[in-house]
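Asker: Based on the hints, put chain V in the right spot on chain G.
Chains as they are written, first to last, in numbering that gives the first Met the number 0: chain G, 0 to 171; chain V, 0 to 288.
Since the hints were made in silico from the structure, they are not lab data.
Hints are supplied without guarantee of correctness; some may be wrong.
[Stated by the list, open to error] Here are the computed distance ranges between Cβ atoms for each label pair: (1) Met-81(G) to Met-0(V): 26 to 34 Å; (2) Gln-22(V) to Met-81(G): 45 to 53 Å; (3) Arg-129(G) to Ser-258(V): 27 to 35 Å; (4) Thr-44(G) to Leu-153(V): 21 to 29 Å; (5) Thr-12(V) to Asn-11(G): 27 to 35 Å; (6) Thr-7(G) to Ser-60(V): 17 to 25 Å; (7) Gln-22(V) to Ala-157(G): 52 to 60 Å; (8) Ser-17(G) to Arg-144(V): 39 to 47 Å; (9) Arg-187(V) to Ser-124(G): 20 to 28 Å; (10) Asp-259(V) to Arg-130(G): 26 to 34 Å.
[Claimed, not checked] In silico contact screen, one side only, chain G against chain V (beta carbon under 8 Å); selected entries: (11) Gln-4; (12) Thr-44; (13) Thr-51; (14) Lys-57; (15) Val-59; (16) Thr-63; (17) Met-64; (18) Val-67; (19) Gln-68; (20) Ser-112; (21) Gly-134.
[Claimed, not checked] 25 Å max Cα-Cα, derived DMTMM-like pairs, lysine to aspartate or glutamate: (22) Lys-3(G) to Asp-26(V); (23) Lys-11(V) to Glu-73(G); (24) Lys-57(G) to Asp-191(V); (25) Lys-188(V) to Glu-125(G); (26) Lys-225(V) to Glu-150(V); (27) Lys-11(V) to Glu-16(G); (28) Lys-3(G) to Glu-6(V); (29) Lys-188(V) to Glu-126(G); (30) Lys-28(V) to Glu-20(G); (31) Lys-28(V) to Asp-70(G); (32) Lys-3(G) to Glu-15(V); (33) Lys-57(G) to Asp-52(V); (34) Lys-89(V) to Glu-127(G); (35) Lys-188(V) to Glu-127(G); (36) Lys-3(G) to Asp-52(V); (37) Lys-11(V) to Asp-70(G); (38) Lys-2(G) to Glu-6(V); (39) Lys-272(V) to Asp-231(V); (40) Lys-11(V) to Glu-20(G).
Where a beta carbon is used, it is the ideal one built from N, C-alpha and C, also for glycine.
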Amino acid sequence: MAKKQLITVRVNGRERESAVEPRLLLVHFIRESLQLTGTHIGCDTSHCGACTVILNGKTVKSCTMFAVQADGCEILTVESLMSASGQLHALQEGFKQEHGLQCGFCTPGMLMSSYALLHNNPNPSEEEIRRGISGNLCRCTGYQNIVSAVQYAAAKMAKIESEAHVAEGVAQ
Amino acid sequence: MIPPAFEYLRPKTIPEAITLLQQHGDDAKILSGGQSLIPMMKLRIARPAYLIDINRISGLSYIKEEGGFLKIGGLMREAELEASPLVRAKYPILTDTAHVIADPQVRNLATVAGNLAHGDPANDHPATMIALGAQVVATGSGGERIIPIEEFFLSLFSTALQPGEILTEVRVPVPPPRSGGAYFKLERKVGDFATAAVAAQVTLEGSGAAQKVGIALTNVGPTPIKAKKAEDFLRGKKLDDANIRQAAQFAADDAQPSSDLRGPADYKKALVKELARRALTRAAERAGK
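The shape of chain G in the complex, shown without the other chains (with noise of 0.2 Å):
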């Protein structure tokens, strides 16, 4: 066995200290050293997107990287979507009003790449949320539920957005 080597990665705000063997996956770091199972192995071969997390501000496939490349990184997981007091995210209560997932397993990451095409795009067309999920695959829904839960979200933070500005104004 090779040699195990200390990592810290600031994970949904977390320091996390860890000594890994190299060929350790990140997504087994993550569902197994760090008990965030939220995060699903689908097809553990690249294609299916199920594994998304954000790296430093980028979607990536933690089936797809060694937990020792992420050192010194910040990751986002599914489990930093809901607030601290038990709120849902937008984009978590639009898949739940939308009905944006059937049996879930695709919907962490799923989420994640919503969230990071979100964050980029505030307003995206149709095509653009289609082409945002296209690297993850869900096998119930036919998309279509999974397309309207993003716009339900795009909306709704456009929403609180617009508000907090005009609060910001009576403040002022």
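Answerer: Quick look at chain V alone, frame taken from chain G:
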């Protein structure tokens, strides 16, 4: 799937990486984006004893025009290439190509240089770079070596890179005025390798005749294929429908596809013909026919 065990090395500079490569020889592989290598390690098709991770080497993530070339640094990610306004404006064939490589997550990590250095004829940049007449810069202990892309792909998964060399830059000649290019790919689904794809880059003369023509084919042979017959035929001719159709036929003649899950060889040849017709037509439009 768990890959075989390996030692992980993370050099901070190119000379350090080259020293490690030379020290470990055939037992070592360079880890760049890892989007081809890691799946192969998980399938245990690749079993390097040492992985030399070059991702932390600074100064390799650039794209700039300099000295008559578009220079693409060895760690330029496909997603960054795809988003580059300079590339979109002057090298639309590169935007076309990056756009259809794998999927968003893979493009966030995968690099242009890795797409070439992997030597897989199913990859998309090889044909595009052949059509563009690119060069690659191989850096070893003796310094830099320039390799014309046409001499780079030797056979399946085998390139002109020597053990101990790293592909540090890709150079695309800045196209003259009235140039245009396009890449057309058919894939069964997003993220699949091409059933077939065609890259075309043309430069027009004042008369509207083609002065320079580059045409190359993806995943229809053991290496990317330069469609020489089609290029020779079109040079000096007007890019009208009849000439484009004839050139597309010549491109299909040069394809050497095999029958597999993506379709029978005859179908792939017919596909090359149609994709070549579309790529040449779009290239001519973009050149301002």
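Asker: Please go over all the hints and tell whether each is borne out by the structure.
Answerer: Checked hints:
1. Met-81(G) to Met-0(V): 26 to 34 Å: holds, 31 Å
2. Gln-22(V) to Met-81(G): 45 to 53 Å: Once the Cβ atoms are compared, 48 Å apart, the range 45 to 53 Å for Met-81(G) and Gln-22(V) holds.
3. Arg-129(G) to Ser-258(V): 27 to 35 Å: Given about 32 Å between the Cβ atoms, the range holds.
4. Thr-44(G) to Leu-153(V): 21 to 29 Å: Taking Cβ atoms as reference, Thr-44(G) and Leu-153(V) lie about 28 Å apart, which means the hint holds.
5. Thr-12(V) to Asn-11(G): 27 to 35 Å: holds, 33 Å
6. Thr-7(G) to Ser-60(V): 17 to 25 Å: Holds: the Cβ-Cβ distance is about 23 Å, inside 17 to 25 Å.
7. Gln-22(V) to Ala-157(G): 52 to 60 Å: Given a distance of about 55 Å, which is inside 52 to 60 Å, the answer is holds.
8. Ser-17(G) to Arg-144(V): 39 to 47 Å: For Ser-17(G) and Arg-144(V) the Cβ distance comes to about 41 Å; the hint holds.
9. Arg-187(V) to Ser-124(G): 20 to 28 Å: Cβ of Arg-187(V) to Cβ of Ser-124(G): about 25 Å, so the range 20 to 28 Å holds.
10. Asp-259(V) to Arg-130(G): 26 to 34 Å: Check passed, 28 Å falls within 26 to 34 Å.
11. Gln-4: Nearest chain V Cβ about 6 Å off; hint holds.
12. Thr-44: Hint on Thr-44(G): holds, closest Cβ of chain V at ~6 Å, below 8 Å.
13. Thr-51: This hint holds: Thr-51(G) lies near chain V, its Cβ roughly 6 Å from the closest one there, short of 8 Å.
14. Lys-57: holds, 4 Å
15. Val-59: holds, 6 Å
16. Thr-63: OK, holds: Thr-63(G) within 8 Å of chain V, min 5 Å.
17. Met-64: Hint holds; Met-64(G) Cβ to chain V Cβ min 6 Å, cut 8 Å.
18. Val-67: holds, 5 Å
19. Gln-68: With a closest approach of 6 Å, the Gln-68(G) hint holds.
20. Ser-112: Status holds, d = 7 Å.
21. Gly-134: Constraint on Gly-134(G) satisfied, holds at 3 Å.
22. Lys-3(G) to Asp-26(V): holds, 19 Å
23. Lys-11(V) to Glu-73(G): holds, 20 Å
24. Lys-57(G) to Asp-191(V): holds, 21 Å
25. Lys-188(V) to Glu-125(G): Answer holds: Lys-188(V) to Glu-125(G) is near 18 Å, not above 25 Å.
26. Lys-225(V) to Glu-150(V): holds, 11 Å
27. Lys-11(V) to Glu-16(G): holds, 22 Å
28. Lys-3(G) to Glu-6(V): holds, 9 Å
29. Lys-188(V) to Glu-126(G): Holds. Lys-188(V) to Glu-126(G) sits at ~16 Å (cutoff 25 Å).
30. Lys-28(V) to Glu-20(G): holds, 18 Å
31. Lys-28(V) to Asp-70(G): Judged against 25 Å, a Cα distance of about 20 Å means the pair holds.
32. Lys-3(G) to Glu-15(V): holds, 22 Å
33. Lys-57(G) to Asp-52(V): holds, 19 Å
34. Lys-89(V) to Glu-127(G): Since the Cα atoms of Lys-89(V) and Glu-127(G) sit roughly 23 Å apart, the hinted pair holds (cutoff 25 Å).
35. Lys-188(V) to Glu-127(G): holds, 17 Å
36. Lys-3(G) to Asp-52(V): At roughly 16 Å apart (the allowed maximum being 25 Å), Asp-52(V) and Lys-3(G) satisfy the hint.
37. Lys-11(V) to Asp-70(G): holds, 14 Å
38. Lys-2(G) to Glu-6(V): The given pair, whose Cα atoms are some 7 Å apart, holds under the 25 Å limit.
39. Lys-272(V) to Asp-231(V): holds, 16 Å
40. Lys-11(V) to Glu-20(G): Answer holds: Lys-11(V) to Glu-20(G) is near 21 Å, not above 25 Å.
Every hint from the earlier list agrees with this structure, and none is contradicted.
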